[in-house]
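Trainee: Single-letter residue listing:
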Amino acid sequence: EDQVTQSPEALRLQEGESSSLNCSYTVSGLRGLFWYRQDPGKGPEFLFTLYSAGEEKEKERLKATLTKKESFLHITAPKPEDSATYLCAVQGNTGGFKTIFGAGTRLFVKA
Amino acid sequence: DGGITQSPKYLFRKEGQNVTLSCEQNLNHDAMYWYRQDPGQGLRLIYYSQIVNDFQKGDIAEGYSVSREKKESFPLTVTSAQKNPTAFYLCASSTQGASTEAFFGQGTRLTVV
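Respectively, the protein sequence lines represent chains U and A.
Taking my numbering, the leading residue of the first sequence gets 1, the next gets one more, and so forth.
Taking my numbering, the leading residue of the second sequence gets 112, the next gets one more, and so forth.
Note that these hints are calculated values from the structure, not bench results.
Chain A residues, not near chain U, derived (Cβ > 10 Å throughout): (1) Pro-119; (2) Asn-129; (3) Glu-135; (4) Asn-164; (5) Glu-173.
Simulated pairs of lysine-lysine, PhoX-like, Cα-Cα distance not exceeding 25 Å: (6) A:Lys-182 x U:Lys-98; (7) A:Lys-125 x A:Lys-194; (8) A:Lys-182 x U:Lys-42; (9) U:Lys-98 x A:Lys-194; (10) U:Lys-98 x U:Lys-68; (11) U:Lys-42 x A:Lys-120; (12) U:Lys-98 x A:Lys-181; (13) A:Lys-168 x U:Lys-98.
Each residue gets a CB set at the ideal place from its N, CA and C atoms; glycine is no exception.
In isolation and in its complexed conformation, chain A is listed as follows (with noise of 0.2 Å):
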């Protein structure tokens, strides 16, 4: 079947450390995003690709890091630098091109204990 795979489901991270999110799509889609997700507020963009090796900031990218170098995967770095990391994490995938519905993964909830 095709689709998003994010992993883990849930993750734990010490304060100062960095953590990587795993984002996987087999749906041949050359655009893909991060988002993040907090109680009561809309998804905001971390970051987002539109081809293999070219990625761009979104609104809140301070803090974190992510690399394409595959079509198929666009992980996720959290660093210590950002400052409430504590969230649920989505990545999506779509066509190129705007006016496109996104297709979302499961999410990665991540807790910095």
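So here's chain U without its partners, still in its complex pose (with noise of 0.2 Å):
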């Protein structure tokens, strides 16, 4: 069963202090591993799209890498307005067009 694992489940950091989220995903065949932002009471904002190990992808201050067994969403210099849930999901050869969610990562970051 495809399956996806977000550690921690919320992150404190003072601005500038860089730090990374992890993504652990158990797939049948990966077809695509997600990135989205979400703030509270809004819907998720796509970040990234990761195919295949050893993949990296940025935009802006978020740099999110992939290998066979788990993403990590990097922040780097993180500043107050980067404070959202992010979200990874998974698409898998099974199950048709269905995306499993991991349940988030929290991320506050204090001024």
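With the hints as a guide, dock the two chains, each given alone in a separate frame, to form the complex.
Mentor: Set out below in structure tokens:
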């Protein structure tokens, strides 16, 4: 069964303090791994798609990496506006177009 | 601007009532989805539709129904059979095919009173 586990559940950082969020996954034939950002009371906003181990993508202070078992979202010198919940999701070869989401990591960045 | 519009933003339902959540998209996407989000849990798939007049049950379809009469619209009805309907409901759409990211609406928060 496809599964996604994100850690930590919550992360508190000082502004400028770099860190990483983890997404461990089990999937039968990875088609894609997705990262989303979700602000309170809003819908998720797409950040990245990664397709194969070794792939990396960057956007401003965020960098996503992928191995065969996990993905990391690295946040470099975060700012308070980076505070949000970050969701990881995977799509495998079974289950048609179903995407499995993790519970998310809530990030708090203090000025 | 292209996007997905969900309405209403907040909805209150009395026990025993059916309610319908609206989802409209102008992105020309073939696939549309409904998810439920509860605190501390990942998004769970309720129903999805890959083309007009066709839809499939997701992982938690019991107590819900959908229709897909138009490409742009995918309304969700929460029936009285849904035991615990209080949740945040998210509609999404994507281009046809696997490995494509989804675009989400802003959500509807449903509360049973």
